[in-house]
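Number of protein chains: 2
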Amino acid sequence: MRDVAVEAGVAPMTVSYTYTRPERVAAATRATVLEAAERLGYRGPDPVARSLRNGSTGNLGVVLGEHLSYAFEDPQASRFLAGVSQVCVENRLGLVLIPATGAPDDSDRVREAAVDGFVVWTTVDGDPVLDAVAATGRPAAIQGGPGRDGIVTVSPNDRDAARAIASHALADASSPLVVSLPFDRNRAGGLLRGPETSADYPVTRSRLEGFRDAIEETGRRWADIPVAVVPRNDRREGERVVRDALEQVRPDVVITMSDQLAAGVRDAVGEAIPVTGWDDSDLAESMGFASIRQSLYDQGVACAQIAAGLRTTVEPPVWSLTRR
Amino acid sequence: MRDVAVEAGVAPMTVSYTYTRPERVAAATRATVLEAAERLGYRGPDPVARSLRNGSTGNLGVVLGEHLSYAFEDPQASRFLAGVSQVCVENRLGLVLIPATGAPDDSDRVREAAVDGFVVWTTVDGDPVLDAVAATGRPAAIQGGPGRDGIVTVSPNDRDAARAIASHALADASSPLVVSLPFDRNRAGGLLRGPETSADYPVTRSRLEGFRDAIEETGRRWADIPVAVVPRNDRREGERVVRDALEQVRPDVVITMSDQLAAGVRDAVGEAIPVTGWDDSDLAESMGFASIRQSLYDQGVACAQIAAGLRTTVEPPVWSLTRR
DNA sequence: CCGTCGATGTGTATCGTTACACACATGCGC
DNA sequence: GCGCATGTGTGTAACGATACACATCGACGG
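Note that the protein sequences, when read in sequence, are chains A and V.
Each residue of the first sequence is one higher than the one before, starting from 18 at the first, in the working numbering.
Each residue of the second sequence is one higher than the one before, starting from 18 at the first, in the working numbering.
Since the hints were made in silico from the structure, they are not lab data.
Even for Gly, the Cβ is constructed at its ideal location relative to N, Cα and C.
Do not rely on the hints blindly, as some may be mistaken.
[To be verified] Computed, partial: chain A to chain V, Cβ under 8 Å: (1) Y59; (2) R60; (3) S68; (4) S95; (5) L98; (6) S102; (7) L112; (8) I115; (9) G119; (10) E129; (11) G287.
Given the sequences, and given the hints that come with them, work out the whole structure.
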């Protein structure tokens with residue numbers, strides 16, 4: 018920039034203003050400057066230097082508690098990210114993806130990220146990456162929890178929603194099979210019996226609690242309920258885990274934690290056993306099973322607005338039960 | 018950092034080395050420095066200042082020629098991005114998403130991105146965003162074209178592949194229906210007759226050319242061939258467009274440009290009319306239609322490596338025909 | 001003809017870091 | 001006791017940009 022200033026015969030500040038506040042500089046001068054820049058192949062202010070001087074990067078960091086490719090494959094994460102990206106586009110913010118796989122250098126990644134704020138996709142309790150995020154002192158929001166000081170939690174009341182849909186499922190049935198998202202980072206799959214509802218993922222935990230609430234309300238004992246856990250939120254995993262489970266149990270309804278899983282169940286059992294999903298996506302509509310409607314897109318928007326400093330609090334996201 | 022140096026009673030450089038090259042500084046001094054940092058709440062070197070000084074940001078920019086949410090919904094884009102993100106993770110690079118929707122400020126976004134290199138997801142011919150990318154002078158790669166000076170093109174020979182699969186499809190059939198990806202940014206859908214193979218998207222164009230090659234080889238006139246164009250690479254769009262087309266034409270084979278579309282065709286016509294896909298995904302295997310195998314994941318890896326400066330050229334990605 | 005105002009250009013200081021070259025001490029072999 | 005390698009600490013000088021306050025000048029009302 019200094020060179021351009023010399024070439025154009027003006028002060029560096031004039032060049033700076035030419036780019037950042039064109040109206041502040043006379044049209045003639047502006048032309049001279051741009052011409053000089055053209056001659057020298059100068060492309061405009063360096064974004065990094067600008068960030069340093071201004072103290073803001075114009076970037077939002079999105080922490081994904083999974084291998085990055087997960088973000089592109091899980092439909093729920095996708096919807097959420099779509100909401101985040103919408104805010105970024107509207108506000109001309111960059112979107113920086115930060116993987117947090119549970120490795121020790123996750124925190125470094127966060128510390129070294131050149132961003133103004135963080136959006137965190139739900140992770141496990143006590144994830145140290147949350148400490149790293151909070152330590153930056155920058156605005157941050159997390160979808161689905163866990164809650165933490167310094168990070169705004171954006172999460173619907175999953176427990177209530179889970180209870181509602183489970184009650185609905187149990188209206189005409191008596192022996193449910195629960196299909197659950199992973200409990201923890203190990204992501205061990207398998208069939209359990211009325212497990213402690215102590216999953217490390219708060220989202221999984223709240224839903225389990227809600228299911229248990231509903232089941233106990235009907236007089237059944239949670240300890241007797243089969244719970245099949247998938248290693249991934251994936252339709253085929255849902256199909257597989259249910260096939261396996263059916264070798265040991267004979268449920269008359271299957272209660273799942275996502276539409277993908279519910280679709281997988283349908284793949285396995287057809288209409289023979291009713292199933293419920295979660296998220297009320299196209300799948301739920303086209304295959305015709307009950308689901309919980311909650312907008313992950315809207316939650317993405319909310320999180321991004323917080324991270325961008327556009328707001329500091331949000332109403333808890335709403336949910337509703339779509340009966341089918 | 019200066020403050021920490023004072024607090025610890027050492028030179029700023031010592032503090033810097035404490036973080037970036039700990040082995041360069043005596044253990045005792047290091048401890049003193051870290052202690053002082055702790056007292057002052059210093060979290061380590063500022064990434065932005067570091068980038069400025071070092072001249073590199075540790076970020077890769079990915080230009081998506083679509084609304085960002087598209088990246089999270091199109092399975093092909095997802096696979097590609099998964100490959101890109103793999104390279105980022107391995108090399109500790111950040112991943113910055115840059116939307117390019119065709120709006121005039123796309124170029125600004127590129128110019129203002131604090132990244133070391135660019136990966137571009139296939140876009141239309143003459144997209145000005147490519148000029149902006151090339152103008153940065155940073156390493157860049159584009160998947161699927163269009164080709165351009167200063168940007169490495171990573172693309173299989175789509176035309177040959179298209180000819181191969183179309184020939185395969187025409188072995189036992191005589192009147193094909195082609196289902197095509199969008200021609201241009203307008204994304205108008207609809208049914209055409211042997212259109213000029215002049216789509217703005219080079220990927221669409223090459224495949225059309227290949228289909229035409231194969232069709233003309235069997236003695237049919239391209240001008241007579243019905244081509245249904247979808248506005249989006251989406252299973253349901255595939256279903257819809259074929260339903261519509263079947264009101265006007267009676268094909269005995271459907272040749273599509275993606276497995277999603279092929280699956281949509283199956284949804285519409287079942288096994289009544291054979292169909293071919295593209296990408297050889299799980300869908301192709303489970304539904305049992307022929308497809309072109311090419312790894313978008315690997316292409317993502319290749320593009321990212323180029324953008325990261327890890328290599329400067331790539332072999333053309335391989336493709337193969339999976340007959341079913 | 002003076003005072004004031006708006007429009008426009010310019011110096012200064014600083015954002016937080018690090019490459020580089022150098023200073024100095026220590027220890028070791030001979 | 002000399003020469004030399006090694007291990008540690010320290011100035012200097014940028015990296016590229018901009019906030020802020022100030023200087024200058026012509027215009028214009030009274």
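Hints, one by one, checked against the model:
no. : hint : in the structure
1   : Y59  : violated, 11 Å
2   : R60  : holds, 6 Å
3   : S68  : holds, 5 Å
4   : S95  : holds, 4 Å
5   : L98  : holds, 5 Å
6   : S102 : holds, 4 Å
7   : L112 : holds, 4 Å
8   : I115 : holds, 7 Å
9   : G119 : violated, 13 Å
10  : E129 : holds, 5 Å
11  : G287 : violated, 16 Å
Hint compliance for this structure: hints 1, 9 and 11 are not met, and every other hint is.
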